[in-house]
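Taken in order, these protein sequences are the chains called A and B.
Take the first sequence: its position 226, counted from the start at 1, is 226 in the numbering used here, and no numbers get skipped.
Take the second sequence: its position 46, counted from the start at 1, is 46 in the numbering used here, and no numbers get skipped.
Worth flagging that the hints you see were computed from the coordinates, not collected in a lab.
Note that beta-carbon positions come from the ideal geometry of N, C-alpha and C, so glycine has one too.
All the given hints hold, so there is nothing to weed out.
Just so you have them, the derived chain A footprint on chain B, three or more residues with Cβ under 8 Å:
1) 129–142
2) 146–152
Far from chain A, by Cβ distances over 12 Å, these chain B residues were calculated:
3) Ala49
4) Tyr62
5) Phe65
6) Gly66
7) Leu95
8) Ala119
9) Val123
10) Val175
11) Arg214
12) Arg230
13) Ser233
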Amino acid sequence: MSERIVSFAKARQAGPKSLASIAWARLCRNPLGLCSLGVVVVFLITILASALGLIAQDWDTQYAVSFAPPCWMGAKLEAIPDEVISVTSQPRSGMLDPIEMYGLKDPLQPVLDQLKDNPLQNASRGAPLLILERSPTLFLGADKWGRSVALKVIKGAETSVLVGIASALLATVIGTLLGAFAGYLGSWVDAFIEWLYGVFTAIPYLLLVFAIAAVLQQKGVFTIILILGLTGWTGVYRLIRAEYLKHKVREYVQAAQAIGASDARRMFVHILPNVSHVILVQLSQQVVNFIKAEVILSFLGFGVPVDVVSWGSILNETPNELILGYSWQLMTCGLAMAILVTAFAMFTDALRDALDPRLKS
Amino acid sequence: MAAYFFQRLLQMIPTLFGVILLVFLLFNWVGGDPAYVLAGKFSNPEDIANIRRQLGLDQPLYIQFGIFLRQVLTFDYGLSWSTQEPVSHIFLTRLGPSIALLLPMLILETLIGIAIALAVAYVRDSWIDRALTLTTTAAMSISLLIYIIVGQYFFAFVLGWFPVQGWANHGQSWVRYAVLPILLGLAVSIAPAIRLYRTFILEEMGQDYVRTARAKGLSEMRVMLVHVLRNASIPIITNVLSSLPGLLIGAFLLERFFSIPGIGREVIMAVERSDFPVIKAITVSVAMATMVFNLLADLAYQWVDPRVKLS
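Excised from the complex, chain A in its bound form (with noise of 0.2 Å):
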């Protein structure tokens, strides 16, 4: 009996229970969800890494010779250890320079000048040849300019996975605002907003990513972010208008109706945490597919720009380089994209789980 007395005591010391802390335990119940969230863990502690630039700051640099295989692998053997380029430049003679005939002012005599003034090229002027070491192979391999695929792969990770996180809350953001107001004001604004969304879902969704990036002639990473974010609201936005048309007639929003509780404090004070669950799982999910839809377009050439590298850059390299047989920047570039939007997928199952289990099929 006291027994009892005293652990209903310790329930009543600890409190109600947050639907966060509910969710939290039923998720380390669930242990493929905690191993997927490990990974995506990994993944984003990279990721920020990079971003602080801690790490992969020096994907540019040249380290090793093109093409340098994997360091299991071995070095090429036609590799040459060290690389002898030249950057010395001889006039050649008995030609015209079309530079001084037409009277033109050479575009790249700026950059000549300072390569004049270059300390390095003045020092190597004595001998003509600069070396440079490379090395013949390296971690992962490296990439037609010698730069280190796995520093290349880290930072089209970044690229890559930051697009996909602030697309999704952007869409994320959009979308709830408009199921909100559709679901919860009803009469013409929801007529309205249902129209603009029978309108954007009528275009397949790439056509109208593919026709609003042709419109947007600056190539850039806001604008990846403004096109997906714009176009991807719906599937978020048809969710959340039936959670509000679900919730506006609940006893509870009448008693803040009661009470005086104005229509936007009904929404977006009672209502929506409520229907935080279901904004929270769908925001996961669209991380994923937008991180697919960002690889899509930079494939293609529609999204960063040439001095971004992105998963979808790195990959639009490998058909050429597999047929000259170098694997390892796709193999690489594949395998990260693969184990992240898995473990992205299972988390957001179990994340799904644990916050509404009654959904689970």
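Use these hints to put chain B onto chain A, whose structure you have.
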């Protein structure tokens, strides 16, 4: 039925108007002035004014919208900016290869998907079912791009079983060229199809009529193939019909890798060249097709399942 059909057709008008408006605003308002792009690098103001007059860009926005509306209704989108080919001709000639690719893919996907889904739904929660779930998860995690890159390299370049790329010309048969793209597309689309159909079939297997059929002493084969499959085919048909127009664009990666002159590759090339009339025409036409096929899916739904009341 006829009344419902016409009602739905009428409902399509505002949506179609919205699509046309969205595409118009995107290209004529957000997109800025294409005359500068078209005139080239060394242009003079007269050239630009000429181009603007030719395209109707010197008119106010509402007249431009009227021009675009007429283009949509008469299916005459003018000439391509980059090849001077009539846009409607581009659309019609590129439709054939796309359909030649998609129709076999869709039919095979549906048939194989249903067969495997029936089998695994019947032995659900066994190790076979779990192994298949695991396989489909793994298959779905790999990007379509990687399937195509590796598949094209291995089966066409290394083994030489199929042509690496290209399409039939001058009376050649396209079948030889279509096999590998169809198989690769199938490899990607079959995993989600099996999963979806499995849930449809499992849902039907839990119904009372299945128990009744078993109680009557029908063979398991008959229960699964006649009773369950017939009812599960309702959502499957709807799903297949409504996914058809999206596939027209969805196969663009296959068309691009294998140089198949289809709609999807045309869209990508048009985006690369800023060929606005082509993108506009394809976007509006595919949106129209999507709406029509959604309507067909609804009608088919009602036709297969008389319980569904149309309102």
